[in-house]
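> Sequence order for the protein chains is F and L.
Everything in the first sequence is counted per this note's numbering, starting at 1 for the first residue and increasing by one.
Everything in the second sequence is counted per this note's numbering, starting at 1001 for the first residue and increasing by one.
Check before you lean on any hint, since a few could be wrong.
Within a straight-line C-alpha distance of at most 30 Å, the following computed DSSO-like cross-link-like pairs (lysine-lysine) qualify [what the hints assert, rightly or not]:
(1) 261/F x 1198/L
(2) 1244/L x 260/F
(3) 1174/L x 2/F
(4) 261/F x 1204/L
(5) 1174/L x 1088/L
(6) 2/F x 1204/L
(7) 260/F x 1092/L
(8) 260/F x 1091/L
(9) 1088/L x 83/F
(10) 1033/L x 1174/L
(11) 1088/L x 261/F
(12) 1005/L x 261/F
(13) 260/F x 1204/L
(14) 1204/L x 1246/L
(15) 1092/L x 261/F
(16) 1243/L x 260/F
(17) 2/F x 1091/L
(18) 1003/L x 1243/L
(19) 1033/L x 261/F
(20) 260/F x 1174/L
(21) 1204/L x 1005/L
(22) 83/F x 1125/L
(23) 1092/L x 2/F
(24) 83/F x 1091/L
What the hints contain is simulated information worked out from the structure, not anything from laboratory work.
Just so you know, these numbers come straight off a predicted model, no measurement behind them.
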Amino acid sequence: MKAYFSYFRMRLIHSLQYRTAALAGVATQFFWGFMEIQLYRAFYSEHADAFPMTLSSLVSYIWLRQAFLMLFNTWTFEGELFKSILDGNVAYELVRPADLYFMWFARTAAVRVSKTLLRFWPILLVAFLLPAPIGMQLPPSTGTFALFMLSGFLTLGVTVAFTMIVYFSCFYTVSADGIRAILTPVSELLTGGLLPIPFMPAFFQKIITLSPFGAMMNAPLRIYSGNITGIEAGKIMLLQLFWLIALTLVGMLLQRRGMKKLMVAGG
Amino acid sequence: MIKVKNLTKTYRVSRRDAGFWASVKALGKRETKTVTALDNISFTVNPGEIVGYIGPNGAGKSSTVKILSGILTPDSGEVTVNGLIPWKHRKKYVSDIGVVFGQRTQLWWDVPVIDSFELLKDIYKTDDAVYRRNLSLLTERLDLQLLLRTPTRQLSLGQRMRCEIAASLLHDPKILFLDEPTIGLDAVSKIAIRAFIKELNREKGTTVILTTHDMQDVEALSDRILLIGNGRILMDGAFEDVKKIKPDYASLDELAFHLYRRYGITGGEA
Ligand SMILES: Nc1ncnc2c1ncn2[C@@H]1O[C@H](COP(=O)(O)OP(=O)(O)OP(=O)(O)O)[C@@H](O)[C@H]1O
Ligand SMILES: [Mg+2]
Chain F
1 MKAYFSYFRM RLIHSLQYRT AALAGVATQF FWGFMEIQLY RAFYSEHADA FPMTLSSLVS
61 YIWLRQAFLM LFNTWTFEGE LFKSILDGNV AYELVRPADL YFMWFARTAA VRVSKTLLRF
121 WPILLVAFLL PAPIGMQLPP STGTFALFML SGFLTLGVTV AFTMIVYFSC FYTVSADGIR
181 AILTPVSELL TGGLLPIPFM PAFFQKIITL SPFGAMMNAP LRIYSGNITG IEAGKIMLLQ
241 LFWLIALTLV GMLLQRRGMK KLMVAGG
Chain L
1001 MIKVKNLTKT YRVSRRDAGF WASVKALGKR ETKTVTALDN ISFTVNPGEI VGYIGPNGAG
1061 KSSTVKILSG ILTPDSGEVT VNGLIPWKHR KKYVSDIGVV FGQRTQLWWD VPVIDSFELL
1121 KDIYKTDDAV YRRNLSLLTE RLDLQLLLRT PTRQLSLGQR MRCEIAASLL HDPKILFLDE
1181 PTIGLDAVSK IAIRAFIKEL NREKGTTVIL TTHDMQDVEA LSDRILLIGN GRILMDGAFE
1241 DVKKIKPDYA SLDELAFHLY RRYGITGGEA
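Excised from the complex, chain F in its bound form (with noise of 0.2 Å):
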């Protein structure tokens, strides 16, 4: 265990110094979200009550959704360890004493949570200090904020089992640039990161609330702002721990069973 932490706080440290990097992408990620509530404003002015959320259910949702832009997404991964795949360094990380999924694992989640450490706190500050239609609001109790950050971790954890799926797919293929090109934008949409999972057809909510992607960033985002509450919280939040478990053995059954064919380039 302590290995695996000490893996997660040497990558903790090493991308906190990426300051001005944060900076630019607070600005972005604020301006965006910002634009995104002026739309939904215009729309709700019109039809209040034709929308699945309130708007300032949206409102938080947007918010959140930007401020842990980084710690959420499915999208981000580290170009080093498909390299280090590709091109044999591996091998280092294969004779420790270490398993590699964990290794890999902690790794991945330290790169989000600094990022995310970085950029969250001046996006949130400046979303409450906003006026009310736009501005962000408190939880509506300090039970409903518990599950947030219970649901939150529960994200992160399902979402990092997710891109490990990814890395390690590459044991399988030359290159995983063709499933990254085909997953992004596919799990953008799925996990609700254009458009909240309630705006789609009834249907599809379904299917999604029931697959990987609903146990995604779908599940804190809609606890805080009020909008799934009581024991359908409950009920996805489980879930979102079945997910985390499935995803977690799917991964490393694919690293097992790919080392046994892994070629190690170079030497």
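Once you've looked at the hints, dock chain L with the ligands against the given chain F.
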């Protein structure tokens, strides 16, 4: 004790001609070919031996080292190292070995070298006292004082190689696999590293398998030489036996040349 018996390893490679059309054609059906890197090799290494594992480019040296260190699975054959099968018992097995791949880096690129060392200490669960003793010994012998606080990316090739070797030794491995560890080193560093490996071997009885194209490394270190060519073990003997092939050799490289020619392995085959 390292036992290798009838070890065979093949790679499936796809190849195509150069150029745009060839790459388009390759999209359809890929021409694959099997390359035999190791062809039924067997040998045994006793504890405390330093074995020079030599042979021309493409002979199969690195493939052997990768199998011995547990990161490649062979097609067939048996390997046991102190009773463990490297690729099967990988996690348990690798605590006892140290590996240097001269072509690669294990140090984290943009943090000071010492941070990488501390991470290795945690990964190997090295005892505090052992770690500190090894660190100070390595720092002194390999002259690392000024390098430890420098980020890896700012080190020269030779400075980095000294740190890489130190990194592989911090956890007190009983067996060392060195795949071209003296690449890019100046005379002073080479001599320091050879002396240190000798010392480790003498004081701790560390077993060493060394691959290199620098025949001076082999002369200075190896009690025993294993010659591999086209995936087969061609000779197993002492450095003195090699000298008999060309007693009046002008340089060690010339001696190696005659050795390879004697066994018909002058051209590395791909
Ligand atoms: N990952 C790989 N995929 C395909 N073929 C490989 C791979 N690694 C090695 N080979 C082939 O296997 C053979 C043995 O290679 P190996 O790297 O073991 O040689 P070597 O003795 O270390 O050579 P060198 O002295 O040049 O480092 C070569 O013919 C090489 O082309
Ligand atoms: Mg080699």
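> Take the hints in turn and mark each one as holding or not.
Structure-based check of each hint:
no., hint, result
1, 261/F x 1198/L, "violated, 36 Å"
2, 1244/L x 260/F, "violated, 42 Å"
3, 1174/L x 2/F, "holds, 23 Å"
4, 261/F x 1204/L, "violated, 36 Å"
5, 1174/L x 1088/L, "holds, 19 Å"
6, 2/F x 1204/L, "holds, 28 Å"
7, 260/F x 1092/L, "holds, 17 Å"
8, 260/F x 1091/L, "holds, 15 Å"
9, 1088/L x 83/F, "holds, 25 Å"
10, 1033/L x 1174/L, "violated, 38 Å"
11, 1088/L x 261/F, "holds, 14 Å"
12, 1005/L x 261/F, "holds, 21 Å"
13, 260/F x 1204/L, "violated, 34 Å"
14, 1204/L x 1246/L, "violated, 35 Å"
15, 1092/L x 261/F, "holds, 21 Å"
16, 1243/L x 260/F, "violated, 41 Å"
17, 2/F x 1091/L, "holds, 16 Å"
18, 1003/L x 1243/L, "holds, 27 Å"
19, 1033/L x 261/F, "holds, 16 Å"
20, 260/F x 1174/L, "holds, 26 Å"
21, 1204/L x 1005/L, "holds, 27 Å"
22, 83/F x 1125/L, "holds, 28 Å"
23, 1092/L x 2/F, "holds, 17 Å"
24, 83/F x 1091/L, "holds, 23 Å"
Hint violations for this structure: numbers 1, 2, 4, 10, 13, 14, 16, all remaining hints satisfied.
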